[in-house]
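So the protein lines, in turn, are chains A and B.
Under my numbering, the first residue of the first sequence carries the number 424, and numbering increases by one thereafter.
Under my numbering, the first residue of the second sequence carries the number 63, and numbering increases by one thereafter.
It should be emphasised that the hints constitute simulated quantities derived from the structure, not laboratory data.
Positions of the beta carbon are idealized from the N, C-alpha and C atoms, including for glycine.
Each hint should be verified, as a subset may be incorrect.
Per label pair, the in silico range of CB-to-CB distance [claimed, not checked]: (1) B:Gln142 - A:Gly527: 36 to 42 Å; (2) A:Gly484 - B:Gln142: 54 to 60 Å; (3) A:Arg570 - B:Ile84: 53 to 59 Å.
Covered by chain A, per the in silico footprint, the following chain B stretches (three or more residues, Cβ under 8 Å) [to be verified]: (4) 217-225; (5) 229-239; (6) 318-329.
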Amino acid sequence: MATAANRAARFEQLSPGEPLVTIRDASIAYSTRGRAATLAVDSVSIDIRKGEKFVILGPSGCGKSTLLTAIGGFIPLTSGSIKIDGEPVGSPSMDRIMVFQDFGQLLPWRTVLGNVTWGIRRRFPKMSRSEAQARARECIALVGLDRQSPQYPNTLSGGQKQRCALARAFAVAPALLLMDEPFGALDAINRERMQAELNRMLMEGARDMTVIFVTHDVNEAVHLGDRIMVMSRGPGRVRALIDNPHVGSPLFHTDAMPLAAELRELLKDTENTVS
Amino acid sequence: MKALAEGHNVSPEIIEKLRKPIVVAGLCLAWELVVRGMQVNPLLFPAFSDVVMHLAAGLGLGGSGELWGYIWDTLRVLLQAYAISVALAIFMTGLAVGNRWAREVLSVMTGIFQPLPSIALLPMAILWFGFSQESLIFVVVMSMLWPIASSLTVGFATVSPTLVRLGQNYELSRISLVTTVLVPSALPMMIAGLKVGWGFGWRTIVAAELVFGATGGGGGIGWFINNSRLFMNVADGFAGIMLVIIIGLATESLFIALQRLTTQRWGTETA
Ligand SMILES: Nc1ncnc2c1ncn2[C@@H]1O[C@H](COP(=O)(O)OP(=O)(O)OP(=O)(O)O)[C@@H](O)[C@H]1O
Ligand SMILES: [Mg+2]
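Hey, can you work out the whole structure from these sequences and the hints?
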């Protein structure tokens with residue numbers, strides 16, 4: 424735990440704009456028994472700066488989750504390297520909290536409050552229970568789940584579950600927040616509401632948190648990303664890297680429409696390379 | 063439904079709740095009336111009221127209270143066997159989780175022994191251990207171990223990979239990953255396995271005691287039932303049977319209460 428705190432402290436010393444995550448020629452292949460290995464990510468090189476909201480955009484199956492999972496340290500690289508603050512990624516750690524696409528990422532035997540408190544107590548073992556709960560309540564309020572805090576996850580809607588997961592991740596204050604299409608399984612209206620809410624949270628409470636956000640939704644990318652990396656259809660390569668001046672502007676804002684259209688074209692191109 | 067029902071004098075819900083007690087009472091009454099009305103020989107088939115009197119006497123209400131001793135004999139053996147089975151099942155599942163060969167061995171053994179009524183092993187057990195408590199424990203363990211082990215294995219195998227990753231993300235050690243993620247995840251299957259295992263053990267031990275009784279060994283509620291035939295105390299035998307049923311139902315509802323407290327509340331029971 425001490426090492427985690429030290430490393431977090433070192434992150435703070437980096438000034439914004441300096442690279443936090445350095446990915447060099449990263450390739451990841453899945454070997455399925457009896458079959459040739461499938462290359463999911465193909466020599467990706469990218470620098471992700473401290474404090475930026477970085478979006479990985481690409482069609483389904485292009486290797487976005489694979490790349491993000493590797494950044495989290497959950498799976499090894501086949502070749503190349505991923506460094507965080509100059510150190511190769513090791514096993515997963517609380518510096519890099521992942522919010523999964525899956526609704527089943529909450530501990531079913533803990534309430535909303537219990538889940539968030541659990542995360543806080545893991546990260547700050549010395550914090551007293553009451554202090555941890557107070558902090559948990561703040562984060563739960565931030566995602567608008569106050570009324571649900573004594574409920575068990577099985578009584579929550581999909582959107583509420585993802586909010587709870589978001590609250591738990593924020594409560595831990597990781598240097599790097601990894602989000603794998605957290606709103607992918609929500610209906611359109613809930614998804615837009617969550618996108619706007621996340622944007623507000625990132626603007627207000629997490630200015631210097633580095634966020635890597637995976638999505639296949641063009642509008643989500645334009646709404647949330649300082650920079651947008653477009654991946655080509657599998658094996659995933661970097662197809663384009665775009666600075667986004669419209670980050671934070673309201674969803675479907677007219678100014679952002681040309682960029683959204685451009686991204687949509689890029690995604691279509693990646694589809695064509697397949698056929 | 064609720065709102066509709068509230069307008070009536072006797073709501074369907076109350077009838078629904080009373081249906082079972084009414085059926086039970088009706089069956090008991092029928093038993094009593096048939097035996098008394100047709101003047102059945104009480105030495106062959108005693109009336110319900112006689113059986114209840116004997117049961118009460120056996121439990122100490124105006125009688126010797128000897129039944130408690132027999133119950134305790136049975137439960138003591140059963141609890142020992144249960145503890146052994148659970149420990150063995152956890153040990154074997156632990157091996158199976160870590161090793162493919164061990165997993166295959168466990169799966170084959172479970173496949174072989176689960177369909178076998180373990181009471182069929184009693185003659186061998188008597189050969190190996192004699193007319194002893196060890197023989198009883200052996201057959202009872204053989205009946206409980208396999209269902210418990212197989213449900214444990216299934217429970218651990220079906221833990222959500224996302225929750226395992228969550229545990230890794232929050233830097234849980236191997237042991238705390240087991241205690242804080244794997245075990246609670248597998249709990250629905252574990253409780254189900256423990257329930258089934260207990261049910262198998264309960265049937266097996268009563269059967270085994272009957273055989274012991276027939277061959278002159280001693281102790282236990284099954285032995286008591288068999289003895290009542292030898293001494294023509296048929297009402298006592300019926301009281302023993304009733305007690306076996308009552309204890310079986312009581313433990314079953316204990317497990318159900320446990321499920322209500324845990325997996326039902328979390329909504330993971332069908333997982
Ligand atoms: N565990 C695995 N074993 C083998 N192949 C896998 C595995 N996980 C993913 N793949 C393959 O790797 C490729 C990339 O998968 P990945 O999950 O990273 O895609 P994705 O971009 O996240 O897609 P989506 O948007 O649908 O989530 C796919 O072709 C997929 O079939
Ligand atoms: Mg994915």
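These are the hints, each one checked on the structure:
1. B:Gln142 - A:Gly527: 36 to 42 Å: Holds - the Cβ-Cβ distance for Gln142 of chain B and Gly527 of chain A, about 39 Å, lies within 36 to 42 Å.
2. A:Gly484 - B:Gln142: 54 to 60 Å: Between Gly484 of chain A and Gln142 of chain B, where Cβ atoms are some 56 Å apart, the hint holds.
3. A:Arg570 - B:Ile84: 53 to 59 Å: 43 Å, violated
4. 217-225: holds (count 3)
5. 229-239: Result for this restraint: holds, n = 5.
6. 318-329: The restraint on the segment 318-329 of chain B holds, since 4 of its residues have a Cβ under 8 Å from chain A and three suffice.
In terms of the numbered hints stated before, the structure departs from hint 3 and from no other.
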